[in-house]
Amino acid sequence: MNVDVAVIGCGPAGLTASIEMAQSGLSVVIIDEYYRPGGRLLGQLYDDPKAPVHQRRWDGKKVTQELVEQAIRLGVQIVCGVTAWSVAPRWKVELSGSEVKSVQAKALLLATGAAEKALPMSGWTLPGVVSVGAAQTFTNVHQVAIGKKVMVVGVDPLALSVAMEMKHAGIQVVGIALPSQSAVTGKLSSPEDALSKLAEAADLAPNPFLRMMGRLVAGSLRKVAIHALSLPLLRLEGIPVYLRKAVARIEGEHEVKAVTLQDVTVQGVPTGREERIEVDAVCLSAGLYPLVELAQVAGCSVTHVPELGGLVPLHGKDLSTTADGLYVAGNITGIEGAKVAMAQGKLAAVSIVQSLGKAPSMSKDDAMHAVEQARDLSPIRFLPQILEGRAIMDQLWQEAWRKKEGGQAWMI
Amino acid sequence: MDDLIICRCEGIRLSEIRASLREGASAVPGVKKRNRVGMGYCQGRVCQRVVSELIASETGAKESLLQRAQSPVRPTLLKDI
Chain A
1 MNVDVAVIGC GPAGLTASIE MAQSGLSVVI IDEYYRPGGR LLGQLYDDPK
51 APVHQRRWDG KKVTQELVEQ AIRLGVQIVC GVTAWSVAPR WKVELSGSEV
101 KSVQAKALLL ATGAAEKALP MSGWTLPGVV SVGAAQTFTN VHQVAIGKKV
151 MVVGVDPLAL SVAMEMKHAG IQVVGIALPS QSAVTGKLSS PEDALSKLAE
201 AADLAPNPFL RMMGRLVAGS LRKVAIHALS LPLLRLEGIP VYLRKAVARI
251 EGEHEVKAVT LQDVTVQGVP TGREERIEVD AVCLSAGLYP LVELAQVAGC
301 SVTHVPELGG LVPLHGKDLS TTADGLYVAG NITGIEGAKV AMAQGKLAAV
351 SIVQSLGKAP SMSKDDAMHA VEQARDLSPI RFLPQILEGR AIMDQLWQEA
401 WRKKEGGQAW MI
Chain B
413 MDDLIICRCE GIRLSEIRAS LREGASAVPG VKKRNRVGMG YCQGRVCQRV
463 VSELIASETG AKESLLQRAQ SPVRPTLLKD I
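Taken in order, these protein sequences are the chains called A and B.
27 is the number that this note's numbering gives to position 27 of the first sequence; each next residue is one higher, with no gaps.
Take any residue in the second sequence, count from 1 to its spot, add 412: that is its number in this note's numbering.
Check the hints yourself; a few may be wrong.
[Said to hold, decoys possible] DSBU-like cross-link-like pairs, simulated, lysine-lysine; straight-line CA separation at most 30 Å:
1. A:Lys-106 - B:Lys-491
2. B:Lys-474 - A:Lys-403
3. A:Lys-187 - B:Lys-474
4. A:Lys-257 - A:Lys-317
5. A:Lys-317 - A:Lys-358
6. A:Lys-404 - B:Lys-474
7. B:Lys-445 - A:Lys-187
8. B:Lys-474 - A:Lys-101
9. A:Lys-317 - B:Lys-474
10. B:Lys-474 - A:Lys-117
No wet-lab data here; the hints were simulated from the structure.
These numbers were taken from a predicted model, which means no experiment stands behind them.
Use the sequences and the hints to build the structure in full.
Set out below in structure tokens:
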């Protein structure tokens with residue numbers, strides 16, 4: 001198959017990019033491993049308090065459907081259930097699971113998204129333990145309850161929103177708590193840190209008390225907030241948020257039967273007191289990391305920026321990479337929400353359209369500005385230092401570019 | 413504390429990974445060559461970062477200790493390669 005642009009990943013970034021590129025007259029194919037388009041958009045269902053009143057409800061399935069219809073109308077080919085297992089420069093994409101064995105394209109956009117980090121703890125391999133992303137997909141995409149009584153381990157924006165989504169779906173969520181000391185690294189999960197992460201989700205938290213707690217930690221009243229950690233239970237839409245208890249073990253012989261909670265100090269040190277809560281499912285949340293394998297295979301430089309979520313392809317503000325004709329958009333560049341991914345998809349598309357000598361619908365500057373705007377308006381911030389991470393990447397890119405160009409000024 | 417399974421595909425436990433570090437492994441590829449951690453169906457997609465964090469916590473390393481990806485990057489049918 002021959003096209004102008006191949007896009008890997010049919011989530012918010014890939015879909016949005018494909019529409020802009022097809023509108024500019026390019027032929028586009030999107031490859032996705034999942035059986036249906038949408039990526040992580042499919043599981044998303046929440047109210048966005050920062051959006052204009054008539055756009056508050058964010059229904060990822062509906063957004064997906066609209067994007068897919070628009071893309072198909074413009075002649076974008078969407079190929080699902082097919083795995084891109086390798087890419088080679090100028091640009092050949094190797095496929096598995098389809099009649100067509102490869103795609104040849106002038107430009108390649110990697111919008112592969114992110115994967116979940118594991119959270120190894122006692123009992124984590126028992127049937128009934130699922131990751132937070134799987135819980136979201138079961139609940140919102142397939143309408144399947146992961147259990148009758150669920151404990152959520154991990155106090156972060158994604159865990160909180162999935163806990164609320166499960167509750168809305170009629171599942172009894174018995175609580176949200178931090179994991180106790182890591183068996184792998186010995187690291188303690190501190191309620192203090194968890195609170196500052198919650199501050200980032202404060203806009204999404206419907207409970208005024210929780211919102212206040214988040215703001216307190218973010219501001220100068222940090223010490224007051226830590227003191228407030230000793231107050232009785234916090235609740236998030238009726239779900240207990242245990243900031244002073246940590247999940248020490250998941251129990252059961254053949255499947256999940258219970259979790260054991262340990263009382264901890266504000267620094268996360270166990271005090272010795274334990275209690276057991278019976279549950280039939282446990283949901284683990286340890287954060288996300290960008291999926292960069294295809295970028296590595298493509299010969300593109302990748303660099304470790306913890307503020308962006310780990311290893312990411314070295315990329316410029318226009319989302320070009322060190323490999324000619326290879327662009328990136330969405331969570332492969334750093335962990336953020338769907339609206340940022342969509343704006344990045346559009347920006348990458350504008351860059352690609354220009355590089356192939358066609359006229360995009362907006363200027364690169366406007367598309368870059370739109371990404372920043374989407375970031376400012378983002379209802380959830382998954383990584384507290386994302387802005388620092390973006391600044392670090394810009395600097396690394398400029399340094400790399402200067403080296404390449406032998407000291408010449410670098411222009412986008 | 414019980415000996416956690418870290419690599420679910422190959423059934424490799426925490427104690428086996430620690431043992432490979434004592435034998436001199438200093439990054440993910442070295443651990444992998446000693447005990448097959450990350451060499452199963454998912455190709456380390458679940459455990460590689462855990463192993464890397466464990467090494468970093470023991471050695472204080474700041475850089476990424478992950479192995480560079482190689483093709484095929486996803487589970488693929490042999491007939492398609």
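**Study point:** Restraint check for Lys-474 of chain B with Lys-117 of chain A, where alpha carbons must lie at most 30 Å apart
**Key:** Distance ~18 Å between Lys-474 of chain B and Lys-117 of chain A Cα, so the pair holds.
Practice item. Decide if the proposed pair is consistent with the structure: Lys-474 of chain B and Lys-101 of chain A, CA atoms, cutoff 30 Å inclusive. Key: violated (40 Å)
Practice item. Assess, step by step, whether the Cα of Lys-404 of chain A is no farther than 30 Å from the Cα of Lys-474 of chain B, and give holds or violated. Key: holds (26 Å)
Point to revise | Hinted pair Lys-445 of chain B and Lys-187 of chain A, Cα distance within 30 Å | key: It holds: about 27 Å lies between the C-alpha atoms, which stays within 30 Å.
Review point. Can the restraint linking Lys-187 of chain A and Lys-474 of chain B be considered satisfied, given a maximum Cα separation of 30 Å?
Key: holds (16 Å)
Practice item. Please work out if Lys-317 of chain A and Lys-358 of chain A have their alpha carbons no farther apart than 30 Å. Key: holds (20 Å)
Review point. Can the restraint linking Lys-257 of chain A and Lys-317 of chain A be considered satisfied, given a maximum Cα separation of 30 Å?
Key: violated (49 Å)
Review point. Are Lys-474 of chain B and Lys-403 of chain A close enough, with their CA atoms no more than 30 Å apart?
Key: holds (24 Å)
Review point. Keeping to a limit of 30 Å between CA atoms, is the pair of Lys-317 of chain A and Lys-474 of chain B held or broken?
Key: holds (26 Å)
Practice item. Compare the distance between the alpha carbons of Lys-106 of chain A and Lys-491 of chain B with 30 Å, and conclude whether the hinted pair is satisfied. Key: Given pair Lys-106 of chain A, Lys-491 of chain B holds - Cα atoms ~27 Å apart, limit 30 Å.
Violated hints, in rising order: 4 and 8; the structure is consistent with all others.
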